[in-house]
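Q: Going by the numbering used here, the first residue of the sequence shown is number 36, and it counts up by one from there.
Be a bit skeptical, because a hint or two may be false.
[Unchecked claim] List time: in silico PhoX-like cross-link candidates among lysine-lysine, alpha-carbon distance up to 25 Å: (1) Lys90 / Lys104; (2) Lys117 / Lys104; (3) Lys117 / Lys90; (4) Lys90 / Lys112.
Honestly, the hints are just simulated from the structure, not real lab data.
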Amino acid sequence: MESLEYVQTREFGVWKGAAMPEENQSPASDPRKSRLPQALRDPLLDSSQAAAMLKIHPRTLQRLVHRGKIHAVQVGKLWRFKVSVIEAWMDR
Numbered sequence: 036m037e038s039l040e041y042v043q044t045r046e047f048g049v050w051k052g053a054a055m056p057e058e059n060q061s062p063a064s065d066p067r068k069s070r071l072p073q074a075l076r077d078p079l080l081d082s083s084q085a086a087a088m089l090k091i092h093p094r095t096l097q098r099l100v101h102r103g104k105i106h107a108v109q110v111g112k113l114w115r116f117k118v119s120v121i122e123a124w125m126d127r
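Please put together the full structure from these sequences, using the hints given.
A: Written as structure tokens, this is what we have:
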């Protein structure tokens, strides 16, 4: 493990010895280098997008959610669906 040293400059402090990403590539641009777990990187779909993937009516999808057949997250009045959950349900 490399040692880090905090150095106070005139304007701000910096950590010496810390590895910095290259300027032309940010960690967020490459999904393999993202610090977020896979569960948080999974894109969310709204009811109409998820229903289109399943080729069903959005209301039918909402009924499946209420019956516990498909997992979704309610944000206010709106439902959001993870792409991985929809794909897993399609594979059943």
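Q: Let me make sure I understand: some of the numbered hints might not hold for this structure. Which ones are they, in numerical order?
A: none
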